Amino acid sequence: MSAVFPIQSVSKGCADAPVLKERGQREVFCGLTGIIWLHRKIQDAFFLVVGSRTCAHLIQSAAGVMIFAEPRFATAIIDERDLAGLADCNEELDRVVTRLIERRPEIKLLFLVGSCPSEVIKLDLSRAASRLSSRFSPDVRVLNYSGSGIETTFTQGEDACLASLVPVLPPAAAHAPAALMVVGALADVVEDQFARLFKQLGIGPVQFFPPRQANEMPTVGPNTVFLLAQPFLADTAVALEARGATRLPAPFPLGVEGTTAWLQAAASAFGVDAATFEGAIAPARDRATTAVARQRTQLAGKSIFFFPDSQLEIPLARFLSRELGMLLAEVGTPYLHRQHMAEELALLPENTFLSEGQHVENQLDRCRAAQPDIVVCGLGLANPLEAEGLTTKWAIELVFTPIQGFEQAADLAELFSRPLVRRLRLAA
Amino acid sequence: MQLTLWTYEGPPHVGAMRIATAMKDVHYVLHAPQGDTYADLLFTMIERNAKRPPVTYTTFQARDLGGDTAELFKNAAREAYARFKPQAMMVGSSCTAELIQDDPGGLCKALDLPVPVVALELPSYQRKENWGASETFYQMVRNLADTSVKRAPREAGQRARCNILGPAALGFRHRDDLREITGLLREMGVDINVTAPLGASPADMARLGDADFNVVLYPEIANVAAGWLKRTFGQPSTRTVPIGSGATRDFINEVAELAGVDPIHVLANADARAPWYAKSVDSTYLTSKRVFVFGDATHVVAAARIAAQEMGFTVVGLGTYSREFAREVREAAALYGVDALISDDYLEVEARIAELQPELVLGSQMERHIAKRLGVPCAVISAPVHVQDFPARYSPQMGFEGANVLFDTWVHPLMMGLEEHLIGMFRGDAEFHEDAAPSHLGGSVTPKTVVAPVAPVEQAAANETLTPQEATWGLDAEKELRKIPFFVRGKAKRNTERFAIDRGVSLITVETLYDAKAHYGR
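Residue numbers (numbering that gives the first Met the number 0), protein chains in the order written: chain L, 0 to 427; chain X, 0 to 521.
Note that these hints are calculated values from the structure, not bench results.
Since we're looking at a predicted model, the values are computed, not measured.
Glycine residues also receive a C-beta, built at the ideal position from the N, C-alpha and C atoms.
Be careful, since some hints might not be right.
[Said to hold, decoys possible] Where chain L lies over chain X, by a calculated footprint (3+ residues, C-beta under 8 Å): (1) 5 to 12; (2) 34 to 44; (3) 88 to 96.
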């Protein structure tokens, strides 16, 4: 790829770059929001939040119009009787779960999702989950994880959910051949594209985690190697490693360069020779390169400022700077996992301003001072910044849209050029 | 614990945010965990505000719980004051902070800020959003109104002056209701002293006493504060909420009385098209359409009156999630001979609608889900609402223009008269058939064979049968039933079954169907 990007090829990257660590008000979602995409990904799973009215209101507000369909999530709202000890929380929870399972008999996997209130009052959801699991076995498996704001930020909810599934994944046979697991919820269309590419590369068997159905859980064991498809899966990776699996270090499959390197990591692990690799990926890669180049005319030379949100910021910044020629004003991330991000950091332009955590007022001051061409931020900030004359790209869309892989590389770039194009059009 | 699919109201601190965001030069410091900033997007996205809500969150995390969360709160409050320099501050807790009991009010007192600090006690595990808004507005009025300001008795020829109370941020059509009613009051020769909370600064709140009376537009938010103003300044307040032509006329008369002005010219000049529209023959087919009304108390009471007296509908069900106003809604329900449904349980509302088989549902965003599932036309009359009900165009609910808006909005989802007649006459049309959605809504493409929208209704109806005895449908009768247009079929089915069971008829024939029809009327 260095031939395509000669300017950055001499860069030392940001591997050892200093990171501004800030504490203060954080304008981010909690991990409960992960439910919004996970409940669609695993089609027979149900997510029951054990929390307050705030939690119910959060998911309802964040899910927007999608709530017109009967969703597979709900909230068991803790009330004053539970807090005063008048009602036994465990009995109450059993009653609610029983009613729920009666209403939705098609559910195979039930997650009890912890929240800030349930964590603060130390409601033991793991015991509740195992108790309920044995009661409803074998029809329904009940698991638990925490999506509370005090412990998780936005996409970390998916990490917590997947990590809770790892201990119950079936073990791979002792002498099974090496198998590849792709970890992280992906759009179905992206998953299918990757499955085809791996097949052409001769890599297999390939399993995706999370699966689309609860009864299609991948197996795991010492012969499992896994590729993270998403950058926010720290705990899931640890849990998989605890079961003997090995992580393949790679940048994330965003953009042509990221996708190529990500596939290369798997190809190397499975001993795919260079000619086969080139033959398998060349058509898609070249298509993507052409499509991305068209977007480059819109984005090259434009500056971008990332507020922290999903941990996707660093790979996105890498893609936008290297493949689209954008200038990075600041790259904020809610949490920086140095080890999982090592390949990405090495590819970032030298002296990129990185920040971890948030003090939103200070960060807004920096953003206003920098006057970037485009700001990537949450929905609470986007319209106010637009009203100040800045152009924004709201960040959540990047989690809800197919953006990984070759075929989506130009779509991903287009998500950033669209607000700029729109601003031009409306001004005209 | 309560199993909740959808919640009608947010937690009480969201109500407090609605007051803070409505006002000017006020800042709210909210002790809350990371993630609770989601509430910002209610204002920036749903209401499309161009400014961030004036709220600083402490956004504590798990690692802070081991340390000093109280210190965290104090820092946040200190910083918020220094940065925003508000005229007054509000401080309080969200549900999680309530559990850790840091006492924001006491902590803030220790900071000794040079502005009034209003400490809010909002019990998150008992109360909800509207209560929170009402309590917050009351506390703001109490703490900020200057009790030494008193309106001198009015001299002859001096114009009356009133406060308008209730409009807030994230209120259903508050923006346009306020414009409509402000215009109406001015036309009547009444001056506006302070409008609050929307657009009021703490300095404005101090002047509340300098008015002759109060106009309460939204009792859910302003009743408690109006009660205090009455006790403190002797200001009476209006009791009629001017939603609907009749209510608007009553409101005008009420204001005229309080202000000592003559309402004749305002009533005569009213630009009220809705009453004529409802009288015109095109509306005759609306007579006795069966309507179910649900929402906040103010809007359902108003809607039921309009439905019954101004549109000629039959109110078959009425309910609210506002427990604070259950009495008012029960009284209204008694007027129409129905039992009020007082519940914030979405599933209970769904069951009631399925049971009543209305031809039109007037409700909130949540009733739209239910109506969609049951295939019943629906219009939104109350919060909670989503972004499409914060429209760009002028669309009040109140006043005469509001009545015009309501007429259009409510009639729109119903099948238009001619189509309804033709579907009653001819069946089997590939495009315009008895199971199709009204063609003016572009919904006629549903293939005739698909009966999906009907299924939940029938299933729900079947599940509702309480008597152990059951009547089965004969093949011919079932065929005949399908000839009844979709929007009244559910009711016809239920009536026939009840009729059969009451008379011990086990097999429903075509005869039973028509016997039942004759017995119950339409």
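Structure versus earlier hints - violations, ascending order | Violated hints: none at all, because every hint is consistent with the structure.
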